[in-house]
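Asks: Residue numbers (our numbering), protein chains in the order written: chain X, 1 to 305; chain E, 1 to 251.
Hints were generated in silico from the structure; no laboratory data involved. Keep in mind the model is a prediction, meaning the values are calculated, not measured. One should not assume that every hint holds.
[Unchecked claim] Straight-line alpha carbon distances no greater than 20 Å define the calculated SDA-like cross-link-like pairs of lysine to any residue that follow:
1) X:Lys132 with E:Ala11
2) E:Lys246 with E:Gln80
3) E:Lys209 with E:Pro129
4) X:Lys132 with E:Phe14
5) X:Lys102 with E:Gly83
6) X:Lys214 with X:Gly68
7) E:Lys158 with X:Thr21
8) E:Lys248 with X:Phe19
9) E:Lys248 with X:Thr92
10) X:Lys71 with X:Gly14
11) X:Lys137 with E:Gly81
12) E:Lys158 with X:Gly49
13) X:Lys102 with E:Lys248
14) X:Lys132 with E:Phe10
15) X:Lys132 with E:Val8
16) E:Lys90 with X:Leu75
17) E:Lys158 with X:Gly136
18) E:Lys248 with X:Val26
19) E:Lys248 with X:Gly14
20) X:Lys102 with E:Met2
21) X:Lys102 with E:Val8
22) X:Lys25 with E:Ala249
23) X:Lys102 with E:Arg15
24) E:Lys246 with X:Ser22
25) E:Lys248 with X:Gln64
26) E:Lys90 with X:Leu73
27) X:Lys102 with E:Phe14
28) E:Lys209 with E:Leu222
29) X:Lys25 with E:Lys248
30) X:Lys132 with E:Gly83
31) X:Lys114 with E:Pro93
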Amino acid sequence: MQTLIKTEAVSLTGLTKTFSTSRTKVQAVKGIDLQIPTGQIVAFLGPNGAGKTTTIDMILGLTQPTAGAAKILGLDPPQAVSSGRVSAVLQTGGLLRDMTVKETVTVIASMHGKSDRINAVMERTGLTRIAKRRVGKCSGGEQQRIKFALALLPDPDVLILDEPTAGMDVMARREFWSTMRSEATQGRTVIFATHYLEEAQNFAERTILMSQGKIVADGATAELRQLISGRTLSATFTSEDQGEQAATFDQSVQITERNGSRFAFQCQNSDRFAAALLGEYQAYDLEISSPSLEDAFIQLTKDAS
Amino acid sequence: MMTTYIRVEFARHFRDGYNLIFALLLPAAMYILFGNIPSYTAFDLGAGNVKFYLMISMAAYGAAVSTVAIAGTVATETMQGWGRQIALTKMPPAVFVGSKMIVAATVAGISAAIVFALGAATGAKVNEPWIWGASYLIVLLGAMIFACYGIGVGMVFKSESALGLASGLMVFFAFFGNVFMPLEGGMLDAARFTPMFGYVALARYPLLKDMPSGVEMAPDPLWMPTANLVAWAIIFALFAVVATRKAKARQ
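One chain only, chain E, in its complex shape (with noise of 0.2 Å):
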């Protein structure tokens, strides 16, 4: 039951291309806007260049808030009365919650890759090529804390425009987050508080993992970077969890 619905969800999505425009095609273009500024894109940085740092970045961001956007539906959707109708079948409604992490992960995955292969093509460089891999992989999975920020923004405002409104404030995460461009001082202080802050740095450790601390955007130690993910991820479910108690006892 579950793959015949993992199915029509794609043949939803991929048709009302509209919702993932964002998702799919604002990251790769932001890549190809910053990431080819002769100025400073192919200098070297950590173990790679400035372009492989950008493009972990605007992976991240693409994975980020494809995932809001699709989970985010499962808010929508049961407070539209398909969980109702999905409540009168056999199916568990944590299978529909599963598919759904499927397909997000999923579309998450495709963003992030076309990100990833734009990259490569256009000069994106690392010494250590598992390093292409592991910055991939830290890019997905740590996207899926996003998952439960876009479930509980939909639990709360019970409207598609509330996806719309927390895709945006997902651009302002990403800005705090030190995500889009590099911080300094006082902005950066506060900025590893952010919920973006975490999942970033984490994906962009291996590439800058031996940098000497002091240096320019030389990478914190790894334990802070990881707890803001942990703490945001805890957050987040929290969120995720109350809101939905919510909206049910009101339904």
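With the rest of the complex left out, here is chain X (with noise of 0.2 Å):
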């Protein structure tokens, strides 16, 4: 057998960090453990607050971590940095507003030594049309876009983005991805911090679910899919009974919720289900719904303690 010897493209060792202030302290991430090989996808999934924005501070070199350490193709953050190997997108601000898209493109890239790179980065981004617009005029998709052209400068090995469609319409976000999705995936690591689950199913290999500062579960985004897949149903029956009698239709039917005549339902296949308690069980206002993120979390956390 060959032994093949691969840089991890991000590797973080019981990365922890705890902000204190001058009565409480916050652990913000509790001991973080992964290894990311070259050329993944990963989606970090998590709610607000779950320190997903800290670990990437961390892995940029923008935050010191208070134990446990991270490295990026086996260097230390900041001569990741400014080797140009590793760039990012980041969450909040990050662009000042009285300067034009050009000469934010301009500045930074003269900062990284690329400005031979300018107008491809530019052009391919989308751009070129809004080049003499002021920042503060732009919509946020399009400041979103610019922040992408600047992290895409360096032509960096790791792209790193931090909720990188956090206060755009759908039609943007679908617009960034696209765009993402064209420019910035051959052979380059991508890893982007999201509270969609629906990013990380459509863009990531592989999601790491964070919750509380902690990695609730990481693995391919398919299983992780199925792990809070199964959905509920709610409808209205004509009378109790009917609603009881429905929720004999298979071994998987359990009732969540009852109110009156109207029930709620978890089960495996929910097409059928439907189907049937608009047939024969005579129910009306049916409503299906997937379960929230949220609701992964809760489940997920309480699995994991």
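Since each chain sits alone in its own frame, please combine them into the complex, following the hints.
Replies: Take a look at the structure:
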């Protein structure tokens, strides 16, 4: 057998961050161990306050870990950043409103020593059209595209995006991810934080779920999806008896909530059960919902403890 | 990388003229206003005339305010996340601050130059020509201590309106620093401890140096304004460092 010595794109060992104020201590990240091989596309999924941004800040060397270490491509974060091998789209701010789009790209390109890439990157991220506009006059989606362009300037091996679509509408999100897909993925390691389950599903091969500073699940996105894919069906029946009868449809059906003649069920085959509810059991006002990410977290954190 | 950044900084500041109106035009306007009151401005004073004295005062005020306004943007921009954006490039933060200082010094230089040019055109006079250059240099170099003040205030309040406050306070410092009008008695004694006193007194020293002590408007001995300037430079520098550390720790 041949042994391949391959440097991990990102390697975290016992990464911990505690913020102390005069009164309280908040442990934002509680000891994370993680290996991400080169070329992988990984989603950090978690609700606000899960520690995603703090973890990313430590990977980029913007925040010093309280304990543990982060390595990028075997290098310390500041080295990796100054060599241009890692770059990032940061979550908040990061742009000056009174600069034009072109000025912003030019200035950051010069700081990377990559002024030759300005036009190519602007063209590819669709900024040429709005080059002379001031950043403050650009929409949220356009501002994210600017930040994305800045991150592409050094032509990095590892690209980190911290909630790149926060505050965008659905159309802008879709457009962002399609640009992202065509421009950023050739052989790059991509790590992005999001709280949209949908984005993880569509884009990442591996998803890491974070909650309260810890990793609560880590695996192929498809597996994770199954883990939290049970659907809830709610319907109103002509009588309570009808509802109770419906619960015997098959083994997997369970009543999760009842309120008079309105019932909520959980089941595995929601399509067939829904058809039966409307036909056989004469139910009406049918609602089918996927569990929210928050529900999934509650479930997973319960399982973990 | 520094030159590109400085070039874009200038483009920004001059495009948004709004910010610079106070820095560039107000001191010039005040000089025209106060410097041309015929009742006293043509009088001799020290090695020159009253107009020269007023010209230095207004130039010093303008240079200091420009420095505060531009240096302060180091703080507000850092807090807006621009600092993080820069931290993701090769450029060290010191180059960022350095570029800003060059821009601040240039704008301060222009502001003072406008007032000096107006002075030269409207009859500010001095017997020894070197005093023109010496006064201008002291105005420009001394203004740099207010950069730390601007950065400190920006870091504490983290907003652009804080810079308005910082510039506003400069008017107060100028009044109580004997910049706008000559103070007397107890007010003058108190003024000797305020931040702009040493700066403007040093800038006027070449003009007033030969006046016998005891005469009205005679300068303090050289060590007094020097001590004031050095002390405030240290205070502002410490303030900027402490405020920056606190702001970064909370980030």
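Asks: Would you mind marking each hint as holding or not holding in the structure?
Replies: Each hint, compared with the structure:
{"no.": "1", "hint": "X:Lys132 with E:Ala11", "result": "13 Å, holds"}
{"no.": "2", "hint": "E:Lys246 with E:Gln80", "result": "16 Å, holds"}
{"no.": "3", "hint": "E:Lys209 with E:Pro129", "result": "14 Å, holds"}
{"no.": "4", "hint": "X:Lys132 with E:Phe14", "result": "16 Å, holds"}
{"no.": "5", "hint": "X:Lys102 with E:Gly83", "result": "19 Å, holds"}
{"no.": "6", "hint": "X:Lys214 with X:Gly68", "result": "14 Å, holds"}
{"no.": "7", "hint": "E:Lys158 with X:Thr21", "result": "19 Å, holds"}
{"no.": "8", "hint": "E:Lys248 with X:Phe19", "result": "12 Å, holds"}
{"no.": "9", "hint": "E:Lys248 with X:Thr92", "result": "16 Å, holds"}
{"no.": "10", "hint": "X:Lys71 with X:Gly14", "result": "12 Å, holds"}
{"no.": "11", "hint": "X:Lys137 with E:Gly81", "result": "18 Å, holds"}
{"no.": "12", "hint": "E:Lys158 with X:Gly49", "result": "23 Å, violated"}
{"no.": "13", "hint": "X:Lys102 with E:Lys248", "result": "29 Å, violated"}
{"no.": "14", "hint": "X:Lys132 with E:Phe10", "result": "16 Å, holds"}
{"no.": "15", "hint": "X:Lys132 with E:Val8", "result": "13 Å, holds"}
{"no.": "16", "hint": "E:Lys90 with X:Leu75", "result": "15 Å, holds"}
{"no.": "17", "hint": "E:Lys158 with X:Gly136", "result": "18 Å, holds"}
{"no.": "18", "hint": "E:Lys248 with X:Val26", "result": "17 Å, holds"}
{"no.": "19", "hint": "E:Lys248 with X:Gly14", "result": "24 Å, violated"}
{"no.": "20", "hint": "X:Lys102 with E:Met2", "result": "17 Å, holds"}
{"no.": "21", "hint": "X:Lys102 with E:Val8", "result": "10 Å, holds"}
{"no.": "22", "hint": "X:Lys25 with E:Ala249", "result": "13 Å, holds"}
{"no.": "23", "hint": "X:Lys102 with E:Arg15", "result": "15 Å, holds"}
{"no.": "24", "hint": "E:Lys246 with X:Ser22", "result": "12 Å, holds"}
{"no.": "25", "hint": "E:Lys248 with X:Gln64", "result": "12 Å, holds"}
{"no.": "26", "hint": "E:Lys90 with X:Leu73", "result": "17 Å, holds"}
{"no.": "27", "hint": "X:Lys102 with E:Phe14", "result": "17 Å, holds"}
{"no.": "28", "hint": "E:Lys209 with E:Leu222", "result": "9 Å, holds"}
{"no.": "29", "hint": "X:Lys25 with E:Lys248", "result": "17 Å, holds"}
{"no.": "30", "hint": "X:Lys132 with E:Gly83", "result": "23 Å, violated"}
{"no.": "31", "hint": "X:Lys114 with E:Pro93", "result": "18 Å, holds"}
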